[in-house]
Amino acid sequence: MQDLSTLKVQSKDPWKDPKANGWEVIDGRQELSDRTLEADVVIIGSGAGGGVSAEILSQKGFKVILVEAARLKSSDEFNLNEAEAYHDLYQEGGMRATKDGTMSIMQGRAVGGTTVVNWTSSFRTPPQTLDFWRDEFGVQGMDENTMAPWFAQIEQRLKVMKWVAHNRNNQIMLEACQSLGWQSDAIPRNVSGCWNLGYCGMGCPTNAKQSMLVTTIPAALDAGATLLHSAQADTLIIEGEKITGVRIKTLDDNKIATGATLTLKAPTVIVSGGSIQSPALLLRSNVPDPHERVGKRTFTHPTSFAFGIFDKEIAPYYGAPQSIYCDEFSHRDGIAGQAGYKMEMMALHPGMVGAFVAGFGQQAWDEILQLPNMGGSIAMIRDGFHEQSQGGAVELRDNGEPVLDYPINDYVLEGTRRAHLSMVEMFFASGAKKVRPSHSQADYYNNWQEAQLKLAALDYVPVATGIGCAHVMGGLAMGADDSRCVVNSDGSYKYLDGLYVMDGSVFPTSVGANPQLSIYGVSARNASLLADRLKG
Amino acid sequence: MALDMHRRDFLKTGLFGCALLATGSSLALLSGCSSNDGPAEGYLHLRQKDVDLLLPLTGVVLAQALKKSAASADTALKAYDKVLDGAMPGTRATLFQLFDLMQLGAARWFITGTWAHFNEQDSKTLTHTLQGWFTLDRTLSRMAWKGLVQPLMFAWFAQPQAGLTTGYPGPPQRVIS
Ligand SMILES: Cc1cc2nc3c(=O)[nH]c(=O)nc-3n(C[C@H](O)[C@H](O)[C@H](O)COP(=O)(O)OP(=O)(O)OC[C@H]3O[C@@H](n4cnc5c(N)ncnc54)[C@H](O)[C@@H]3O)c2cc1C
Ligand code: SF4
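So the sequences go chain by chain: A and B.
With full-length UniProt numbering applied, the first sequence corresponds to residues 1 to 536, in that order.
With full-length UniProt numbering applied, the second sequence corresponds to residues 1 to 177, in that order.
You may find that some hints are simply not true.
[To be verified] Restricting the straight-line Cα-Cα distance to at most 20 Å, the calculated cross-link-like pairs of lysine to any residue (SDA-like) are: (1) Lys-16(A) to Arg-174(B); (2) Lys-73(A) to Val-175(B); (3) Lys-146(B) to Asp-81(B); (4) Lys-146(B) to Ile-256(A); (5) Lys-67(B) to Gln-370(A); (6) Lys-8(A) to Pro-169(B); (7) Lys-82(B) to Asp-253(A); (8) Lys-146(B) to Ala-358(A); (9) Lys-146(B) to His-87(A); (10) Lys-82(B) to Gln-370(A); (11) Lys-255(A) to Pro-160(B).
No wet-lab data here; the hints were simulated from the structure.
Starting from the given sequences, assemble the full structure and let the hints guide the process.
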């Protein structure tokens, strides 16, 4: 039996004593009265886009203030407690869902953003996606060749390499793809000295994961940037056609405003709050938006799941969560045809399994007890390419909180039906005894023949079909087409001087692959262009 | 509205459901169930009437798991309360509207398929209620299920001690230097 519970994990937390590192860190919780700070560049959000931009701009000599809503939490506090990790490191403590409650949304909320809890899969943007952005939205300067050096730079910076030590859960996919003749390959991961523990989703305890928390943010602070955490950007300050700063509300441990407002003055403001949050900030600030496109075209990778029970131990809670992928069905029907989906595996810890099991009581308990012998897979649908796939819209509640209105449509449901079939077939091909797709009407199937019959009889309707997502993109689309895009290809906002967007919200469609490397690459390019422009 | 409504009518049901959610909470207000009397003793957010409503359900949803851990439904409901603590106030408010609604017999029938208050049902009847509710395809029923039962299961098993009852050996030990 695999048992890591006696393993002792020790690592050095670079955040143990920020002062001793010479870092300027302001804790919003301690800010009880109003004050004003000045900088060359204010960056809102410290995730994939914000972290990369902060490093580049501060190393080019600009005075950067990096603002993060979450409280600073680092490896010494990553205690591998599932309940605590979700409560502290995820948007809405993991409770976020689309407006009608049909799709759960996982996004990070941390110094380092979602990169602190992501699963380290690092794919370059598929060339088909880059071509589509150019052809359909007029995105400029981002084809496969021009982006290659940016991706290479980040791959080197974040130590991205193909993983080799696959856990048993990932071996399921590897073996099944080999026997079915489906494409598959090892996933490149941004890790250095990874212990292969499997807790990437709860904050890496060894700092092996090259998240923004341990790479670009420390480098930015070394270069003189200031980190302001526990501080939420409330509204942008707009004077005429120019942005001049940001109003910040500091937050206490319970995410409640302390009452202090910090005014950050800067001629350049970069919004990097991630999809949903970034458009929400622009909506709260009433930015000029002649075509009412802010928050529109918000995409996910609608993700369905399958679970296989084996008569041997899988231990899906241990080992790198994702290290094999299958692109057999990603572009079967061309870029804009029927829904294509990328398949990968998922880590399963007890809380997560509790949320995923069908039903309740005895039935759920029986299923949960199978955890050591359970495998879990995901299929992520490419969103935003098909004409039926126009994405959701970010709306504001009366109190300024964002909600994503994203009705699940037939395009997604039809794709999910095929994705379920593929995942179930994959599990049986690798010797699973029983397999269940994420559908509330489905029970475990005992063989592939039975599964095909029963899957065909399921009703694919939004509420019964189990769909979630961990990748949110778009909402502030970039491109030359003003009727659909609000940001230029260099990240500048079309209708205000000094405002830039550098995060996943600039993508005019979903990526069609796990998005972090796409966000790093595009942000690195645009932050470098911005630095050149500011230098004059 | 007939109980055996065809599944493909889900959209209509959804719209009806939303209307019910809107009018229902004002109904709940009128009937006095929506008085905002603050969190119940020992809870961060759930109000006493929510606790009265949800405690019997919790006992049935997690029956075997609680027995295994020799824990009470109250401990589990507090774990759920803690999960709700992470959500945004607006998200919690929507959920509380749903709970307010479920105080009313007619709404309980619409959402879960049963008129009787949960604390008037024995565990066998409650199991029956949950089974019916789980298979209801109404948007509101699924929203209530997803907002309650799913996070409740997560809340329970995400706790370190409860997690160990599943056969999961537990995480490595952290040594802080
Ligand atoms: C569980 C999980 C696993 C994942 N695994 C992978 C993977 O293996 N590979 C991959 O490529 N992708 C993965 N992703 C997705 C990927 O990490 C994200 O898409 C990416 O980090 C998004 O980058 P971003 O810059 O857009 O925003 P984020 O990284 O989400 O950062 C945004 C930050 O801004 C802060 N913020 C927002 N608004 C404000 C405000 N108004 N004021 C102050 N701060 C604000 C937020 O709190 C947050 O910390 C995963 C995601 C999840 C949830
Ligand atoms: S598997 Fe993930 S959490 Fe574990 S050491 Fe490697 S990167 Fe860190």
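*Agreement of Lys-8(A) and Pro-169(B) with the hint, judged by alpha carbon distance not exceeding 20 Å*: Roughly 14 Å separates the two Cα atoms, so the pair holds.
*Are Lys-255(A) and Pro-160(B) close enough, with their CA atoms no more than 20 Å apart?*
Between Lys-255(A) and Pro-160(B) the Cα gap is close to 24 Å, so the pair fails against 20 Å, i.e. violated.
_20 Å limit on alpha-carbon distance, applied to hinted pair Lys-146(B) and Ile-256(A)_ = 26 Å, violated
*Quickly compare the C-alpha distance for Lys-146(B) and His-87(A) to 20 Å and report which way the hint goes.*
It holds: about 18 Å lies between the C-alpha atoms, which stays within 20 Å.
*Between Lys-82(B) and Asp-253(A), does the CA-CA distance stay at or below 20 Å?*
OK: Lys-82(B) and Asp-253(A) at ~14 Å, within 20 Å.
*asked:* Hinted pair, alpha-carbon criterion (20 Å max): Lys-146(B), Ala-358(A). Please report holds or violated.
replied: 11 Å, holds
*Under the criterion that the straight-line Cα-Cα distance not exceed 20 Å, is the pair Lys-16(A), Arg-174(B) satisfied?*
Holds, at about 15 Å.
*Does Val-175(B) lie within 20 Å of Lys-73(A) when you go C-alpha to C-alpha?*
17 Å, holds
_Tell me if the straight-line CA distance from Lys-146(B) to Asp-81(B) falls inside 20 Å._
15 Å, holds
_Does Gln-370(A) sit within 20 Å of Lys-67(B), going by the straight-line distance between their CA atoms?_
18 Å, holds
*If you draw a straight line from the CA of Lys-82(B) to the CA of Gln-370(A), is it 20 Å or shorter?*
Outside the cut-off at roughly 27 Å; violated.
Of the hints listed earlier, those the structure fails to meet are numbers 4, 10 and 11, in rising order.
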